[in-house]
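Taken in order, these protein sequences are the chains called V and L.
Taking this note's numbering, the leading residue of the first sequence gets 1, the next gets one more, and so forth.
Taking this note's numbering, the leading residue of the second sequence gets 1, the next gets one more, and so forth.
By construction, these hints were calculated from the structure, which means they are not laboratory data.
Some hints here could point you the wrong way.
Claimed, not checked - Here are the computed lysine-lysine pairs in the DSBU-like style, where the Cα-Cα straight-line distance is at most 30 angstroms:
{"#": "1", "chain 1": "V", "residue 1": "K73", "chain 2": "L", "residue 2": "K8"}
{"#": "2", "chain 1": "V", "residue 1": "K319", "chain 2": "L", "residue 2": "K266"}
{"#": "3", "chain 1": "L", "residue 1": "K136", "chain 2": "L", "residue 2": "K190"}
{"#": "4", "chain 1": "V", "residue 1": "K189", "chain 2": "V", "residue 2": "K143"}
{"#": "5", "chain 1": "L", "residue 1": "K208", "chain 2": "L", "residue 2": "K7"}
{"#": "6", "chain 1": "L", "residue 1": "K278", "chain 2": "V", "residue 2": "K276"}
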Amino acid sequence: MAHSTVGVIFSNIHDENIPELSRHRTMASVPFGGRYRLIDFALSNMVNSGITTVGIVTKNNYQSLIDHLGSGKEWDLARKDGGIILLPPYSDETDRPYTTRLEALMSITGFLNHRNEDFVVISDCDGIAHLDIGDIVRYHEEKGAEITMVYHEETEPSESSYFITLEPSASGRIKSLNINPTNLKSGTKYNLYVNVMVMRREFLIRTIQQAVQRGFSSFGRDILTKNVDTLKIYGYGFKGYYAGVNSIQDYYRHSMELLQKPVRDELFGNRDIYTKVRDSAPTKYTDGAAVRDSLISDGCVVEGTVENCILFRGVKIGKGSHIKNSIIMQDSVIGENVRLDCVITDKDVVIGDRRNLAGCAELPYFIAKGRKL
Amino acid sequence: MEKMLRKKECVAMLLAGGQGSRLYALTNNIAKPAVAFGAKYRIIDFPLSNCINSGIDTVGVLTQYEPLELNEYIGNGQPWDLDRAFGGVHILSPYQAKKKQSWFEGTANAIYQNMSFMKKYNPDYILILSGDHIYKMNYAEMLRAHKATGADCTIAAIEVPMKEASRFGILNTNPDGSIYEFEEKPKQPKSNLASMGIYIFTAEKLFKYLEADDQNPASSKDFGKDVLPAMLNAGEKMFSYRFKGYWKDVGTIASLWESNMDLLGKDPAFDVGDPDWKIHSRNPLAPPEYVGLNAEIDDSVIALGCEIGGAVKHSVLSSNVVIEEGATVRDSVLMAGTVVKKGAVVEHAIVDENVVIEEGARVGEPKENSAGIAVLGRNITVAAGASVAAGKIIDKDYKGE
Chain V
1 MAHSTVGVIF
11 SNIHDENIPE
21 LSRHRTMASV
31 PFGGRYRLID
41 FALSNMVNSG
51 ITTVGIVTKN
61 NYQSLIDHLG
71 SGKEWDLARK
81 DGGIILLPPY
91 SDETDRPYTT
101 RLEALMSITG
111 FLNHRNEDFV
121 VISDCDGIAH
131 LDIGDIVRYH
141 EEKGAEITMV
151 YHEETEPSES
161 SYFITLEPSA
171 SGRIKSLNIN
181 PTNLKSGTKY
191 NLYVNVMVMR
201 REFLIRTIQQ
211 AVQRGFSSFG
221 RDILTKNVDT
231 LKIYGYGFKG
241 YYAGVNSIQD
251 YYRHSMELLQ
261 KPVRDELFGN
271 RDIYTKVRDS
281 APTKYTDGAA
291 VRDSLISDGC
301 VVEGTVENCI
311 LFRGVKIGKG
321 SHIKNSIIMQ
331 DSVIGENVRL
341 DCVITDKDVV
351 IGDRRNLAGC
361 AELPYFIAKG
371 RKL
Chain L
1 MEKMLRKKEC
11 VAMLLAGGQG
21 SRLYALTNNI
31 AKPAVAFGAK
41 YRIIDFPLSN
51 CINSGIDTVG
61 VLTQYEPLEL
71 NEYIGNGQPW
81 DLDRAFGGVH
91 ILSPYQAKKK
101 QSWFEGTANA
111 IYQNMSFMKK
121 YNPDYILILS
131 GDHIYKMNYA
141 EMLRAHKATG
151 ADCTIAAIEV
161 PMKEASRFGI
171 LNTNPDGSIY
181 EFEEKPKQPK
191 SNLASMGIYI
201 FTAEKLFKYL
211 EADDQNPASS
221 KDFGKDVLPA
231 MLNAGEKMFS
241 YRFKGYWKDV
251 GTIASLWESN
261 MDLLGKDPAF
271 DVGDPDWKIH
281 SRNPLAPPEY
291 VGLNAEIDDS
301 VIALGCEIGG
311 AVKHSVLSSN
321 VVIEEGATVR
331 DSVLMAGTVV
341 KKGAVVEHAI
351 VDENVVIEEG
361 ARVGEPKENS
371 AGIAVLGRNI
381 TVAAGASVAA
391 GKIIDKDYKG
401 E
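So that you can see chain V by itself, here it is in the shape it has in the complex (with noise of 0.2 angstroms):
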């Protein structure tokens, strides 16, 4: 069934939540989990149930996620028909780019057109999760729904600036659905939407010229809530594992979560993360070097002790350095006698002889992409 899905990403929705990581990057292609970017899970998810086509919507800063994609070989889907298809934004003298969710569904109805799918599923690039996609357009078309929203059951008030919440019966149909509900408290049970829906291909383009045609501008206010009585609205709730990246706070988090091995085996067990390769030499550590309970990705050379951490591609930790609780991104050097807790380093940066930084679980201390201390 999934062959007959073609899939969307919107690589910059929810750019803002995490300024701190997105200010040179996309959404998509903010690094995780030592060797990964965010899109490779959302890729993934659609490349493991089948899905040949992926269009991937775009707006601003997106030279790091071509970068990343290239010709998109490495999830495979680099093909004759389909394969990634980037889809930047469109403007001439009347029309400007978009600027919510809706108009950039609009700006790719020829997208959309052209295929031949049956289903779209369309998904964000700020979870984490290990996503049936087969599954889901299974269930839409059991419950012969319009429109399958994807959800996650939370405790904890979702920290995104735009977020969804539902309520579905117990059918499975929505029964309401609220954006930026500020009733939320810690401890309540509550269903997040996690930004991944499905729907027939036809009945997108035509929801689309719709709202063209009225005028509509949020498909979450215009489309969503204004028709959850009308419109055949699903929920899918995904029991497993889902990390939301909504702040900084949340990234740290999440990433920490890598650590636990149930975690792990979920994401990476049954199944294969895409991502970019770059012939990286294996790990080296040397005879002073101290590991513990790390996420250690390739091409890094470790003289020193490293504890609770998680260490991307190409990183260098000095002797005599104790790096602990911290992430340190790709390519980022580490000088000798560092002590790091709590720290998120950005790529390529540079931390001196003796330099002593900390900062908390709630407040982790981040450095800016290729500083150097």
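Fit chain L to the given chain V structure using the hints.
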């Protein structure tokens, strides 16, 4: 205007048919060039990476013995950037022809049988390589030397210890580097300049001598034994090209183990992490390695996807190896997917892919008093509590003596 002649200045031919019989259990089902090396590589990654890094983008890989895994590994050549519209990497297997059918009889015959492949590219030069060595070499520099001397054949050569010289093809040279004598494995070597099995031929000369060699019933169809001496006897210009650097024939268990160990340390004998000379390979699809709460890692190289719970010292681990808590691995090479369970000890050993070493088992002995490297072939299980003695080579499930 006439259409420009499509050509490649230099075509590389990589002899990858070797059985590698001295690697015993490690080459039961795969060709030697496909043997895993250095945590994420296979031996053939080195000549292939050298080719692309030297600007040579047309490579014929001659396979014969157990080619399945090697063919699959090379695929369309994309990991080495050798998927090209014109050129790229091509697997050349023995084939049935109208007049005769034959396996490749010797190294020279293997190249001879693929004359039409080489001629398709109208090359000026042919580079002959083998898939048995670990080294980084810029073939473009060797080609420049070949052109500068005006040689018909240039042979890459390296100085080896005199006492080992009789294991190699030895070049006896004049001060200008020209070769006056070529001795294949001489009992009393006159020099310690060994042929590395890397040759550049001016294409026309190679084709001529391969034709002649094919017609010679007395020939064993081998470069070292037949073609090179024939060229020398006929007075062709032959030069040595001195290579100084790391070069290791990994054709034996001991040399394969040593070469893996040469990757260890801050300033290793052999560096695969040089950003200016990347070793390309087909990368495993695996998450970063996880190092557990009670793990101890010292002086080791570890690939993606490993789960390290126990102690790993002075060892090389390929992707997806699992070392459970309480297990110890020392002075060893573990290939992809191998699992060492609680309390098991692996010392001074080479363990092939997907081996399970059950709880409390012991493989090999401490290097200091070991009688030799223990070797486990792929896909086998060593039973709980069983003990594999030093120097043993096992290729079936093992429950003890």
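Each hint, compared with the structure:
no., hint, in the structure
1, V:K73 with L:K8, "27 angstroms, holds"
2, V:K319 with L:K266, "11 angstroms, holds"
3, L:K136 with L:K190, "27 angstroms, holds"
4, V:K189 with V:K143, "25 angstroms, holds"
5, L:K208 with L:K7, "20 angstroms, holds"
6, L:K278 with V:K276, "16 angstroms, holds"
When held up to the earlier numbered hints, the structure conflicts with none and fits them all.
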